[in-house]
Amino acid sequence: MLALLTRDLRLAMRAGGGFGLGLAFFLLVAVLVPLGVGPEGAVLAKIAPGILWVGALLACLLSLDRLFALDFEDGSLDLLATAPIPLEGVVAVKSLAHWLVTGVPLVLVAPVLGVLLNLPVAGYGWLVVSLALGTPALSVIGAFGAALVVGVKRGGLLLSLLVLPLYVPTLIFGAEVVKRGAGGLAVGTPLALLAGITLAAAALLPFASAAALRVNLR
Amino acid sequence: MSIWEYANPKKFMQSSAAVLPWVAGLSALCLVTGLVWGFFLTPDDYRQGSTVKIIYLHVPSAMMAINAWAMMLVASLIWLVRRHHVSALAAKAAAPVGLTMTVIALVTGALWGQPMWGTWWAWDPRLTSFLILTLFYFGYIALWQAVEDPDTAADLTAVLCLVGSVFAVLSRYAVLFWNQGLHQGASLSLDKKENVADVFWLPLVVCIAGFVLLFLTLVLVRTRTEVRARRLAALLARERLA
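Line by line, the protein sequences give chains A and B.
Take 110 as the starting number for the first sequence in our numbering and just add one per residue.
Take 2 as the starting number for the second sequence in our numbering and just add one per residue.
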């Protein structure tokens, strides 16, 4: 499993693309929104939590279609399926690798983009916490979507149609944490719910993803 | 004789052909009675005027939109566990009907909301969760169309339906947490105190029965079409091989 993780990480690093692109997209969203909405600080501060979360979510979505598709095309997914570790484990490790190369950089960059969007000072800590807690769920749910469409040619658009509705609860609770944090309110409830979604998704969805992969590899 | 015998396509086609005219006729009867009764023979509400009558389309279609997904969930489970093809095809057949019901509920709601709330749309929990349900239907239908092999498509959509159901329920509660709304509570419940007044209640129940039967009719017709399409594909494949 560790070997698979290092392999995926190395592939992501050397092939470039994936991980830089997500970050660049996130940056672009944060730059384009003020251009569209107008530069008033009060307005930006109000919408900053939502924009940052939506941006992170879409940036996460960008690299999903490569999660299984590349391995499916060159046949390594068949080898992984017959490997001694269970396919559920493969899915979990690949989601973890996806989170490490897209989720973690997003978490690290988000405070900088918060400055661009005039996020209130109290919100920065909660922005990092909520993204750190929520982005694993995005990767795991995304892996499920990617597993469903792996056999479909040009499945990218279909993937976003399938995955975005599944992202709704994560987005709502994640943005709520930042909004309450920025407003100086108690964040306990949405934070606990966000963590709950992440844990439940990480525990259960790999089984669904592995089932979908098995169907696609049949 | 067990109920699973009806999962045999041949048996299903026979029995559904026998049942279909009755269900369709009863559905038409209920709908005509309920709608005419509701539209022309009930008084206007003292505050809402005649707009209250949209309830006869709005409430039944909203109920069926959710029940259609529940039916797809059950059918998907049966397909995953017992591999009855008719079950998978019934789930496939129900999806566009459910989507239509969702759209009817949203549109009639908007038409009612404009004069009553002063807005076509509000980000109210019920409205928002219905919009999300629409997205789930779109995704489900799109996945059926994207995957070429029918058995693979049936498996994948069944898994999507299971996971989607969990997330749909989750979204419902998340949205409730996110915004407290404008939409009134349930129009009908077994607890009599909360119900709408009797004059509106009776035709509404008839309309709901009509919508349930209409849903059943459409799903049966569409499932029969799917079974025939399967047979046709099999015949064509056989001819090509011969």
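Hints listed in this document are in silico derivations from the structure and should not be mistaken for laboratory results.
Nothing here was measured: the structure is a model prediction, and the numbers come from that model.
The reader is advised that the hints may include incorrect statements.
Derived Cβ-Cβ restraints for the label pairs, each shown as a range [stated by the list, open to error]:
hint	chain 1	residue 1	chain 2	residue 2	range
1	B	LEU112	A	GLY297	51 to 61 Å
2	A	GLY184	B	ALA234	51 to 61 Å
3	B	THR153	A	MET110	51 to 61 Å
4	B	VAL108	A	THR115	27 to 37 Å
5	A	LYS262	B	ALA71	46 to 56 Å
6	B	ARG84	A	THR298	16 to 26 Å
7	A	MET110	B	ARG232	23 to 33 Å
8	A	ASP183	B	ALA18	41 to 51 Å
9	A	LEU114	B	THR226	27 to 37 Å
10	A	GLY297	B	PRO44	29 to 39 Å
11	B	GLN146	A	GLY293	33 to 43 Å
12	B	ALA18	A	ALA112	53 to 63 Å
For each residue, glycine too, the CB sits at the ideal point set by N, CA and C.
Verification of the hints:
With their beta carbons about 41 Å apart, LEU112/B and GLY297/A fall outside the hinted range of 51 to 61 Å. The hinted range of 51 to 61 Å is not satisfied by GLY184/A and ALA234/B, whose Cβ atoms lie roughly 29 Å apart. Taking the beta carbon of each, THR153/B and MET110/A are about 28 Å apart, not inside 51 to 61 Å as hinted. As the Cβ distance of VAL108/B to THR115/A is approximately 53 Å, the hint placing it in 27 to 37 Å is violated.
Judged by the Cβ atoms, the range 46 to 56 Å given for LYS262/A and ALA71/B is violated: they are separated by roughly 32 Å. Checked against the hint of 16 to 26 Å, the C-beta distance between ARG84/B and THR298/A comes to roughly 43 Å, which is inconsistent with it. Our hint of 23 to 33 Å for MET110/A and ARG232/B is violated, since their Cβ atoms are close to 47 Å apart. In this structure the supplied range 41 to 51 Å holds for ASP183/A paired with ALA18/B, their Cβ-Cβ distance being about 50 Å.
Between LEU114/A and THR226/B the CB atoms are about 48 Å apart, so this pair departs from the stated range of 27 to 37 Å. Separated by about 50 Å at the C-beta atoms, GLY297/A and PRO44/B break the suggested range of 29 to 39 Å. In this structure the supplied range 33 to 43 Å is violated for GLN146/B paired with GLY293/A, their Cβ-Cβ distance being about 49 Å. Distance hint check: the CB atoms of ALA18/B and ALA112/A are about 58 Å apart, consistent with the given range 53 to 63 Å.
Of the numbered hints listed earlier, those contradicted by the structure are 1, 2, 3, 4, 5, 6, 7, 9, 10 and 11.
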